[in-house]
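> Chain by chain, the residues:
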Amino acid sequence: MTLNIAYEYDKVVKQILHEKLTELGLDFHLPNSSEISINSHLDKQQEDKLKKTLSKYAIEIIENPKVALVNTIKSSINQWIAMDAVNGKENISDYLSKQLNYSYSHLSQTFSEVTHTSIESFIILKKIDLAKNLLIENTLTLTEIAYRLDYSGVAHLSRQFKKSTGLTPSSFQAIMAKRQKQSQ
Amino acid sequence: MEIMKVVLADDDADDRLLFQEAIEEVKINTHLTLFKDGESLIKYLLDRDTTLPEIVFLDLKMPKKDGFQCLETIRSHSKLKDLVVAIYSTSSSEEDIEQTFIKGANIYINKPNRFKDLKQLIAKVMKINWQYHTSALNKDNFLLRI
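In the order they appear, the protein sequences are chains R and Z.
Heads up, the first sequence is in numbering that gives the first Met the number 0, so the first residue is 0 and it goes up one at a time.
Heads up, the second sequence is in numbering that gives the first Met the number 0, so the first residue is 0 and it goes up one at a time.
Careful, some of the hints might be misleading.
What the hints assert, rightly or not - FRET-style restraints, in silico, Cβ to Cβ: (1) N31/R / E93/Z: 31 to 39 Å; (2) Q78/R / K123/Z: 52 to 60 Å; (3) Q172/R / K123/Z: 18 to 26 Å; (4) K177/R / K123/Z: 20 to 28 Å.
What the hints assert, rightly or not - Using 27 Å as the maximum straight-line C-alpha spacing, the simulated BS3-like pairs for lysine-lysine come out as follows: (5) K102/Z / K73/R; (6) K65/R / K123/Z; (7) K73/R / K43/R; (8) K125/R / K64/Z; (9) K4/Z / K177/R; (10) K64/Z / K110/Z; (11) K161/R / K102/Z; (12) K60/Z / K125/R; (13) K126/Z / K138/Z; (14) K80/Z / K102/Z; (15) K126/Z / K162/R; (16) K35/Z / K65/R; (17) K126/Z / K180/R.
Because the hints were derived from the structure by calculation, they are not lab data.
No residue lacks a Cβ here, since even glycine has one placed at the ideal position from N, Cα and C.
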């Protein structure tokens, strides 16, 4: 007999953490699925035990918390970009601080410190990256791409594309098509 | 913070020196290795003991093996084909630019005249390159002209 299962990743992680941390007798709370906040100091022995327990579930403690936070910010940004923009969406600062439970200034400061880039520049880079993929696929018009990526219009997208890559969308598309042809 | 490995092949001694000074001022930690021609660069990249760099800067006009030839070698070699390649040239010919992109260059840089511009430009390239190495961006589409 085969049973099909569905699960929610966040809830699974939180439940495992809750059970295991309780077993270890720790005073903690879980602000989100990528952080554990412990209200006392862990000694070396306790820390090793915690790591060992969690490693069974492939849960790893990231040593540099700033790098960990940046990774969480990046995945939230990706989700935000992918969100449907038809009904207008929350601005990124509200979205991130709500998702991650930190003030936007703390998030943006950590992000710049670790990546040498601001959150805003990263969003542009990411959106232009998506625009490039769509241009290569060549199934959508530039107007449709601009709409999908939440630009006010083709001019806005083209301007940001040129600023970010030094190329216009059409010359990028032409170069990539020639490159593909040559490698065949 | 991680150190980013960078190599530059350029036959002009002054250009190498300026590049070195400029990259030292960028906030990202870098380790730069310099070459005077394409042949020694390729030899170095193919050496078994070499840890591959995060980015290769190539002058176009060089003795022995020029930038175009190096680019072709890099893109056709299984060990090297995923390297990020930046062309670093005095040529602003549209044909050179298009040809290098088609042959697989990621970045095309016109050597600027002022040191201040060079610093800014290298900082920009290194920051974007850093993002390409640490985020889920599509490296195959990485084209930048500055």
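> Hint by hint, note whether the structure agrees.
Now for the hints, and whether the structure bears them out:
The hinted window of 31 to 39 Å between N31/R and E93/Z is violated, with their beta carbons roughly 50 Å apart. At about 27 Å, the beta-carbon gap between Q78/R and K123/Z misses the expected band of 52 to 60 Å. For the pair Q172/R and K123/Z, the beta carbons lie near 23 Å from each other, so the given range of 18 to 26 Å is met. Range check, K177/R to K123/Z: about 26 Å between beta-carbon atoms, so the 20 to 28 Å window is met.
A hinted pair counts as satisfied when its Cα atoms are at most 27 Å apart, and K102/Z with K73/R does not qualify at roughly 31 Å. Distance hint between K65/R and K123/Z is fulfilled; the C-alpha atoms sit about 23 Å from each other, no more than 27 Å. The suggested pairing of K73/R with K43/R is violated, with an alpha-carbon distance near 31 Å, which exceeds 27 Å. Among the hinted pairs, K125/R with K64/Z is inconsistent with the structure: their alpha-carbon atoms are about 36 Å apart, more than 27 Å.
Taking the CA atoms of K4/Z and K177/R, the gap is about 30 Å. The hint is violated against a cut of 27 Å. For the hint linking K64/Z to K110/Z, the alpha-carbon distance of about 20 Å falls within 27 Å, and the restraint holds. Our distance criterion of 27 Å between C-alpha atoms is met by K161/R and K102/Z, whose separation comes to about 21 Å. At roughly 34 Å between alpha-carbon atoms, K60/Z and K125/R are farther apart than 27 Å, so this suggested pair is violated.
Restraint check for K126/Z and K138/Z: the C-alpha separation of about 14 Å stays at or below 27 Å, so the hint holds. For the proposed pair K80/Z and K102/Z, the alpha carbon gap of about 11 Å is at most 27 Å, so the pair holds. This hinted pair checks out: K126/Z and K162/R have alpha carbons roughly 15 Å apart, not beyond 27 Å. Under the criterion of a C-alpha separation no larger than 27 Å, the hint pairing K35/Z with K65/R is inconsistent with the structure, at around 39 Å.
Taken as a hint, the K126/Z and K180/R pair is broken in the structure, with Cα atoms around 31 Å apart against an allowance of 27 Å.
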